[in-house]
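Chemist: Each chain, written out:
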Amino acid sequence: MKEEIIIAGFGGQGVLSMGKILAYSGLMEDKEITWMPSYGPEQRGGTANVTVIISDDKISSPILNAYDTVIVLNQQSLDRFESKVKPGGILIYDSYGIHHAPTRTDIKVYRVDGMEATFTMKNAKTYNMIMLGAYLKVKPIVSIDSVMNGLKHTLPERLHHLLPMNEDAIRKGMALIKD
Amino acid sequence: MEINDIIKPENCVYKKPTLLNDTNMHYCPGCSHGVVHKLIAEILEEKGWGDKAIGVSPVGCAVFAYKYVDIDWVEAAHGRAPALATAIKRLQPDKLVFTYQGDGDLAAIGTGETIHAANRGENIAIIFINNAIYGMTGGQMAPTTLLGMKTATTPYGRRVDLNGYPLAISELVAHLDGSCYVTRQSVHTPAAVRKAKAAIIHAFENSMAGKGTSLVEIVSTCNAGWKMTPAQANDWMVEHMFKKYPIGDLKNE
Amino acid sequence: MKEEVRLMKGNEALAHAMIRYGADGYFGYPITPQSEVLETLEAEMPWESTGMVVVQAESELASINMVYGGAACGKAVVTSSSSPGISLMQEGISYLAASELPALIVNVMRGGPGLGTIHPSQADYFQAVKGGGHGDYRLITLAPSSVQEMCDFVGLAWDLSFKYRTVAMILADGIVGQMMEKVVLPPQRPRRTDEEIRKQCPWALTGAKGRKPNVISSLELDTAQMERNNERFQRTYREIEKNEVRVEMLDVDDCDYLLVAFGSMARICQKVMENAREEGLKLGLIRPITLWPFPYEQIKNAAKKAKGILVVELDAGQMIEDVKLAVECKVDVEHYGRLGGIVPNPDEVLDALKEKVINKKK
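Chains as they are written, first to last, in our numbering: chain Z, 15 to 193; chain X, 1095 to 1347; chain L, -15 to 346.
Hints in this document: simulated from the structure, not taken from any laboratory.
Please note that the accuracy of each hint is not assured.
[Unchecked claim] Lysine to aspartate or glutamate pairs mimicking EDC-like chemistry, simulated, CA-CA at most 20 Å apart: (1) Lys72(Z) with Asp82(Z); (2) Lys183(L) with Asp1188(X); (3) Lys16(Z) with Glu258(L); (4) Lys1110(X) with Glu1139(X); (5) Lys196(L) with Glu1140(X); (6) Lys100(Z) with Glu262(L); (7) Lys338(L) with Glu318(L); (8) Lys1161(X) with Asp206(L); (9) Lys284(L) with Glu258(L); (10) Lys100(Z) with Glu258(L); (11) Lys291(L) with Asp316(L); (12) Lys72(Z) with Glu262(L); (13) Lys98(Z) with Asp335(L); (14) Lys314(L) with Asp237(L); (15) Lys196(L) with Asp1145(X); (16) Lys288(L) with Asp235(L); (17) Lys98(Z) with Glu258(L); (18) Lys153(Z) with Asp182(Z); (19) Lys196(L) with Glu1136(X); (20) Lys193(L) with Glu1140(X); (21) Lys193(L) with Asp1188(X); (22) Lys72(Z) with Asp316(L); (23) Lys1109(X) with Asp1099(X); (24) Lys(-14)(L) with Asp44(Z); (25) Lys100(Z) with Asp331(L); (26) Lys72(Z) with Asp136(L); (27) Lys193(L) with Asp1099(X); (28) Lys1161(X) with Glu204(L); (29) Lys196(L) with Asp1116(X); (30) Lys100(Z) with Glu332(L); (31) Lys100(Z) with Asp335(L); (32) Lys193(L) with Asp1145(X); (33) Lys196(L) with Glu1139(X); (34) Lys16(Z) with Glu262(L); (35) Lys98(Z) with Asp331(L).
Since the model is a prediction, treat every value here as computed from it, not as a measurement.
Work the whole structure out from these sequences, hints included.
Modeler: In structure tokens form, the structure reads like this:
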């Protein structure tokens, strides 16, 4: 198993921490992990992004041409990364603020109205967990237990009372994917 | 009575400290460095600190201080002695750690290290020889050179518009919360030497007691650089240097 | 502390490794992209656990001279910085080398020259391996390409540094510093006792108790003696060149073309090899782990079978000079590099190989 993912959006949308939680979830399942934040060539146009590679085997490059899964949270990131999905790969995008929807037909495209869901849930802070949930529904590369374990590792103990809320958000995100 | 009848231990009234070895000093006759070296050796010996002391020598005339006083020494890069001393004392808190620096080393190229070591309150003693000139490189202007004073790089005298003002760095260090003892002394008379010795002892005691940074400025002569005889240099120092750099304690906490 | 598997940034791994390999002191000044080293140390508070001293200095100038002071005491001391800060340290590094003191310096390189950029680069290769400071000296230079190596090389660098009384440098870059990977942190190596330091480092400043005074100085005005000192340094360097070359060779025995890269670029080149294999193109990779001493012999031997070599660096062509020295003009050696903080993706490297090496041959 090897999954090469990029998550991209505005700074403040929880892009880096979403990647971090995914990385920790992989660690919980004893996978090899590389987490590479937007740094160098990726940091253009005011967007933040993170590459996460989860693999059974040793990982080579942290810098990639193309990805198995691309998760984009704004138009700029969609414009930039749609072409980087491997043929047959997955593109997950949030329709909020998107004027030009993706056009590729050789990949699986999932529209997730995560931002809208935060309005009804009245909690914008778990936005990235909703998107993570949607991704895990599409591609269950790690279990929810591992994600929650990973979350425990990234959240300081004084914030552990927020864990159930995050789990709710993950499940909400899963529900947003129509089979 | 023959001379050998007189040279006997029971007749000894004064001797060179044994920590001050027999290496010929490279200092010019009349220079203040030799006196201060002797004081340091004498103090370390009298207090039994010789095997606890680690000295940091500067770049400048005192670069070879390590050749004359038989303790552990490290020779620093120009101006950096307080940075070395910081690490040495932090890593070996039971040691007596001191730097020995001139005015160019301490108050020009090493101002940052001096201020920040003192501001952190490092438990070190700084012995500061201020003779208002760069001795080793041939008598150029120092940060402490007095206005009007002629040097190799101020051949017509130091001018404010060209060279700025003489720097009273001890006053600066005294303002810092991390310094515990800042004093200005001289070694031009036996009485002054005795006072300077007491000041260095106090600074060393502070280092051992972990009280913070001590700075002992010794207003000194450089008769070679000043182009005077040793006696003239002493008089000139009293008349001119003491006005800008008055003798006495600036801080003693 | 026991062995532990953690997920962390390369910079954080450096800090944990310093503590666990028994560092006595860290002295540093913040600079992107390596500030996590000092931040992690301050958060871990090793002075409470191992007794390690951590000082945030007022400048890199002060940091390196604190390292000089600590090293003179025979202590295991370290500083870290990024390119502009390392430039500021060069005088101190030269003094450390001249005083034959063991110390560890970490450079997490960023793009230059000047203030440059905070983004990754490998353009300090010359500075590290040819001597950035004045005089004839060398640094044992280790180039990590993973977070695990960021950790492991701290221990290795200190061991080599104390063995030869020579400064060691870990030459990393912003990618290895900033990325997170799984890392196995070693169990706690106890800090050496004062007694052990006196035994291991009889030259150290520990107070002249029951022995003659020790003096650490790089000054020697007697030119004949200074030449003898230099000859002694050079003998040590020859010894290191003989014993301490480290290199990773991947598929070099069965390849058409060779890639040579270090640090993060070697990781990217591994992906290039994977992608090239799918096209039926056989590539080998030589990754110098010690940039000094450089693996001249290993490259020379591997190059005999190759049709061409591409040296891939985040600079305008620095390591390529050593690769060319190694192959003695017997194989075509070309360079591909991105500058000023840009990192190529694997496709760009493969395209460059085709354009500069493979198609040039036809």
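Chemist: Check the structure against each numbered hint from earlier and tell me which ones fail, lowest number first.
Modeler: 9, 22, 27
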